[in-house]
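Colleague: Given chain V, work out where chain W should sit, using these hints.
There are 2 protein chains.
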Amino acid sequence: MKAIAVEPGAGEPVIVERPRPEPASGEALVRTLRVGVDGTDHEVIAGHHGNVPDGDDRLVLGHEAVGVVEDANGTNLTEGQYVVPTVRRPPNGTNEYFERGEPDMAPDGKYLERGIVGAHGFMSEYFTSPAEYLVPISEELAPLGFLVEPISISEKAIEHAVASRSAFEWEPESAIVLGNGSLGLVTLAMFEHVLDIDRTYCLGRRDRPDPTLDIIDELGSTYVDSRETPVSEIPAAYEPIDLVYEATGYAKHAVETVDALAPNGVGVLLGVPEPWEFEIDGGKLHRELVLHNKALLGTVNSHRGHFESAIDSLDQLPGWFTDDLVTGVYGLDEFQAAFERDDEIVKTAVEFASI
Amino acid sequence: MKAIAVEPGAGEPVIVERPRPEPASGEALVRTLRVGVDGTDHEVIAGHHGNVPDGDDRLVLGHEAVGVVEDANGTNLTEGQYVVPTVRRPPNGTNEYFERGEPDMAPDGKYLERGIVGAHGFMSEYFTSPAEYLVPISEELAPLGFLVEPISISEKAIEHAVASRSAFEWEPESAIVLGNGSLGLVTLAMFEHVLDIDRTYCLGRRDRPDPTLDIIDELGSTYVDSRETPVSEIPAAYEPIDLVYEATGYAKHAVETVDALAPNGVGVLLGVPEPWEFEIDGGKLHRELVLHNKALLGTVNSHRGHFESAIDSLDQLPGWFTDDLVTGVYGLDEFQAAFERDDEIVKTAVEFASI
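Chains as they are written, first to last, in my numbering: chain V, 1 to 355; chain W, 1 to 355.
What the hints contain is simulated information worked out from the structure, not anything from laboratory work. Careful, some of the hints might be misleading.
For lysine to aspartate or glutamate, the following EDC-like pairs were computed, each having C-alpha atoms within a straight-line distance of at most 16 Å [unchecked claim]:
#1 W:K284 <-> V:D315
#2 W:K252 <-> W:E239
#3 V:K252 <-> W:E132
Which residues of chain W face chain V? A partial, calculated answer using Cβ under 7 Å [unchecked claim]:
#4 M105
#5 P136
#6 L269
#7 V272
#8 E274
#9 F278
#10 E279
#11 D281
#12 R287
#13 L289
#14 L297
#15 T322
We put the CB at the ideal spot given by N, CA and C, even for glycine.
Isolated chain V (complex conformation) (with noise of 0.2 Å):
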């Protein structure tokens, strides 16, 4: 079968030819439908982030996938059903965090991630997995199953904040995404259609006419472009914010943001940036993070409980949203399209098999 994988070093993906895998005892054969591409791969193929499976010369790529059942090979899946692959795998048999359910909050050592560390991912014509890590979709939602692993990723973070806000009444009114890549737009679409939020705001460095920006407007959120209004002046121009997303690795950004709060607001961080040293008021920091009763939470990865949620809230999406969202999806003789970046490009993916 026909995978899309990188070599270290080598800077872009590449077809080649794999065994088709055969199903252990617990595990399902599934038919791969679409695999989206973000950010991550993009980290993986330039080197920056993952690495090989132990023994192997190369990683196949891809870790937003739905794919079709095709061997449900004894478990409690049925051959047809559609599911989406969470991405967490326990590297040596099982632990703890994988039994209680929460690979996502597991520490380094203790999880391998398909497609990213340790494990090949799900841009191959079939891939197997254990039953327990398929999430079941619906047919019609399938065609953007896709999207599921990366809204996962927001329903963790949401969750984590509004934990994080619980010992008191909290109602957020006013929410900012931080970065207008495929990531920050979802969230922001969340954010209107799901957690109906009065007041959005979107972060960007972009200049119009982009389809990026094109797509805030449509949800009706207030663009914020960072070159005009650095985070810490958001209060200011805007107003001050409740909740704070940020995805763009940016690290002034992740520590403006709790200029950006509101007081008993919440910052919660998903951008994973290189080191950066610079200088700080450490003291105004500390004292707005005490004296407003303010939080800056971290959050990476999500779990199969989030995973559900996903579907859920993509159901909610609206389809004017998806359809801008998705610039392109590749059939294998021209998967590099969709490795491709420039402005036009939101979100991508590639397809294995037609649906």
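Modeller: Same frame as chain V, but now just chain W:
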């Protein structure tokens, strides 16, 4: 009646004569027994924090009080009942934060603080208060009732920290208190005797022999000397910490808390620093928060529910601990002694009437 007040700029408290207050409808008249002194009082005396009530030239000090109801004045209290007053009051009539019992979450301008911000404190022979802000305490605990307010601050901080970790299974096995002042020591005792955390640490910068280090030892906790081990190096020198409680007001400790945390850990900040610019590795801070699901929260003040929990916690603290913690209780004739500070003094109170 006599009261202990401070004039802005004077730099030291004096005894003043004030009319004994008359309780308004819904208020009780309380005879003051003891009032604790803490770092906030010293900030107020130094003129760094707080302000005098409108139309007055002095602020009566004191926010950590215990008293006995002298005149219930038709409220649901009874004469002779011991009570601890909460600190925040609504500035003009009430507002939504007070209505829902969460004055601790009120933003600037939506609260006064007795003895600190725009309202007279409890360091007078009598005070009045709406009955809803007076929390009953047993006769047995009343002599230590001035510890209820500081304990309530930690009750809130711990409640918020635990809430922030409530979206997953989290049982802290290690905790550190940054700061060996009286609030730090009380919190350390709560970690040991109320929360039963396996391994506790306390950070300070003192040499032995020292009464606070003796208390740390006696609690079975490990003393960490910040002159030898910066906060960021605690994981290497000891272990990564699940729960960091910062009570120093030292901004570098607040920022380095993220390094001290174990994966999925939470740092709760309570210190109130001045502005202070310094260099940080913002990329590392951001990345650590995200990839290890870490959280950093600020909390300030506390509400009636925290006072009620604090009374339960006070009841669980061992007698030797409170004996060693309270190094002096001084009558009005020697009240200045309660405001002295040196390494032999841990916690003091002024006694207005014997119990």
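Colleague: Next, verify each hint and record whether it holds.
Modeller: Checked hints:
no. : hint              : in the structure
1   : W:K284 <-> V:D315 : 37 Å, violated
2   : W:K252 <-> W:E239 : 19 Å, violated
3   : V:K252 <-> W:E132 : 44 Å, violated
4   : M105              : 5 Å, holds
5   : P136              : 23 Å, violated
6   : L269              : 5 Å, holds
7   : V272              : 6 Å, holds
8   : E274              : 5 Å, holds
9   : F278              : 5 Å, holds
10  : E279              : 5 Å, holds
11  : D281              : 5 Å, holds
12  : R287              : 6 Å, holds
13  : L289              : 3 Å, holds
14  : L297              : 4 Å, holds
15  : T322              : 26 Å, violated
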